[in-house]
Amino acid sequence: MKADLQFDFLVDEEKSTITIKREFAAKRQLVWDCHTKSELLDRWFAPKPLTTRTKSMDFSEGGHWHYAMVEPNGQEYWGRVDYQTIHPIDNYTSLDGFSDDTGTVNPELPRSKWNVTFSDVKTHTLVETVVSYTSPEALQQVIKMGLKEGLTSTLERLDELLLILN
Amino acid sequence: MENYSAPLNDVFHALADPTRRSVIARLGSGSASIKELAEPFGLGLPSFLKHIKVLESSGLIASQKVGRVRTCKLRRGNLIAAQKWFDEQRAAWESRYENLDNLLTTLKGEEDES
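Protein chains in written order, with the working numbering: chain A, 2 to 167; chain B, 35 to 148.
What the hints contain is simulated information worked out from the structure, not anything from laboratory work.
Remember, it's a predicted structure, so these values are computed and weren't measured experimentally.
A hint or two may mislead.
Unchecked claim - Just so you have them, the derived chain B footprint on chain A, three or more residues with Cβ under 8 angstroms:
{"no.": "1", "stretch": "25 to 38"}
{"no.": "2", "stretch": "41 to 47"}
{"no.": "3", "stretch": "90 to 99"}
{"no.": "4", "stretch": "112 to 124"}
As the list claims (entries may be wrong) - Simulated pairs of lysine-lysine, DSBU-like, Cα-Cα distance not exceeding 35 angstroms:
{"no.": "5", "chain 1": "B", "residue 1": "Lys69", "chain 2": "A", "residue 2": "Lys22"}
{"no.": "6", "chain 1": "A", "residue 1": "Lys123", "chain 2": "A", "residue 2": "Lys38"}
{"no.": "7", "chain 1": "B", "residue 1": "Lys99", "chain 2": "A", "residue 2": "Lys22"}
{"no.": "8", "chain 1": "A", "residue 1": "Lys114", "chain 2": "B", "residue 2": "Lys142"}
{"no.": "9", "chain 1": "A", "residue 1": "Lys28", "chain 2": "B", "residue 2": "Lys107"}
{"no.": "10", "chain 1": "B", "residue 1": "Lys142", "chain 2": "B", "residue 2": "Lys99"}
{"no.": "11", "chain 1": "A", "residue 1": "Lys28", "chain 2": "A", "residue 2": "Lys56"}
{"no.": "12", "chain 1": "B", "residue 1": "Lys84", "chain 2": "B", "residue 2": "Lys69"}
{"no.": "13", "chain 1": "A", "residue 1": "Lys56", "chain 2": "B", "residue 2": "Lys99"}
{"no.": "14", "chain 1": "A", "residue 1": "Lys123", "chain 2": "A", "residue 2": "Lys49"}
{"no.": "15", "chain 1": "B", "residue 1": "Lys69", "chain 2": "A", "residue 2": "Lys123"}
{"no.": "16", "chain 1": "A", "residue 1": "Lys38", "chain 2": "B", "residue 2": "Lys118"}
{"no.": "17", "chain 1": "A", "residue 1": "Lys56", "chain 2": "A", "residue 2": "Lys114"}
{"no.": "18", "chain 1": "B", "residue 1": "Lys142", "chain 2": "A", "residue 2": "Lys16"}
{"no.": "19", "chain 1": "B", "residue 1": "Lys142", "chain 2": "B", "residue 2": "Lys69"}
{"no.": "20", "chain 1": "A", "residue 1": "Lys123", "chain 2": "A", "residue 2": "Lys28"}
{"no.": "21", "chain 1": "A", "residue 1": "Lys49", "chain 2": "B", "residue 2": "Lys84"}
{"no.": "22", "chain 1": "A", "residue 1": "Lys123", "chain 2": "A", "residue 2": "Lys16"}
{"no.": "23", "chain 1": "B", "residue 1": "Lys118", "chain 2": "A", "residue 2": "Lys49"}
{"no.": "24", "chain 1": "B", "residue 1": "Lys142", "chain 2": "A", "residue 2": "Lys38"}
{"no.": "25", "chain 1": "A", "residue 1": "Lys114", "chain 2": "A", "residue 2": "Lys49"}
{"no.": "26", "chain 1": "B", "residue 1": "Lys99", "chain 2": "A", "residue 2": "Lys114"}
{"no.": "27", "chain 1": "B", "residue 1": "Lys87", "chain 2": "A", "residue 2": "Lys16"}
{"no.": "28", "chain 1": "A", "residue 1": "Lys56", "chain 2": "A", "residue 2": "Lys22"}
{"no.": "29", "chain 1": "B", "residue 1": "Lys142", "chain 2": "A", "residue 2": "Lys123"}
{"no.": "30", "chain 1": "A", "residue 1": "Lys114", "chain 2": "A", "residue 2": "Lys28"}
{"no.": "31", "chain 1": "A", "residue 1": "Lys114", "chain 2": "B", "residue 2": "Lys69"}
{"no.": "32", "chain 1": "A", "residue 1": "Lys56", "chain 2": "B", "residue 2": "Lys142"}
{"no.": "33", "chain 1": "A", "residue 1": "Lys49", "chain 2": "B", "residue 2": "Lys69"}
What the hints assert, rightly or not - Only part of the chain A face toward chain B is listed, based on derived beta-carbon distances under 7 angstroms:
{"no.": "34", "residue": "Phe10"}
{"no.": "35", "residue": "Leu11"}
{"no.": "36", "residue": "Val12"}
We put the beta carbon where it would ideally sit given N, CA and C, even for glycine.
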């Protein structure tokens, strides 16, 4: 990450939300386009080493983005984002969830609501994303799924956490 | 402060309270009896026991009664799971946004050329 760009990652355990704030060295219209056009989303959305592949995109209220994040070995993780409200180039809200390759949302897994706000900071753009889960249980379920491979119960990690809690 | 409005069976609700976080931190250095745990807080035993119940139902701690003494211990796996997941999420967002930085640089270059 470029050292001079703001990045905040805040977890609110009580409200079951994660807030991510990040500044980008570009004008708001361009940053907005990168979040809302699938040919651009395909070029950045998946964290490395995964890549993003759009199957369909309808960026409109009531429309959705159906995409896969793809591992280097070809393993696909399908997701679907349903757009709820859109106010170009200020804000959009959406529901993020796991789906299959046909775009059917997995009803067993909780969906998170995303509220994404774009604002000018001089010549830069600040993007604030608030990811909310409906309940602490929903968040807990997602965590359990993400960690089903097994827990690395190293005591070092716990010691670090205890320092933070103190 | 008591806060029992949210469902109890949950790690995050459990960690949202300063008294419960302190109990977790104390148990990090070893098991302790309810009496030992309650001492620093100046709470009545019934209030303190509510906090212990929240922690137990979240799976963060376990307790066992031997004779008249109830001893609590940390269940480390559940605590580490939550922290690990948040670390992974943070790393994923960092990586994703680095990709976006690079894309924005590329796109701005294209704009300048056209």
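Determine which of the earlier numbered hints do not hold for this structure and return their numbers in increasing order.
-> 3, 4, 5, 7, 9, 10, 13, 15, 18, 19, 21, 26, 31, 33 and 35
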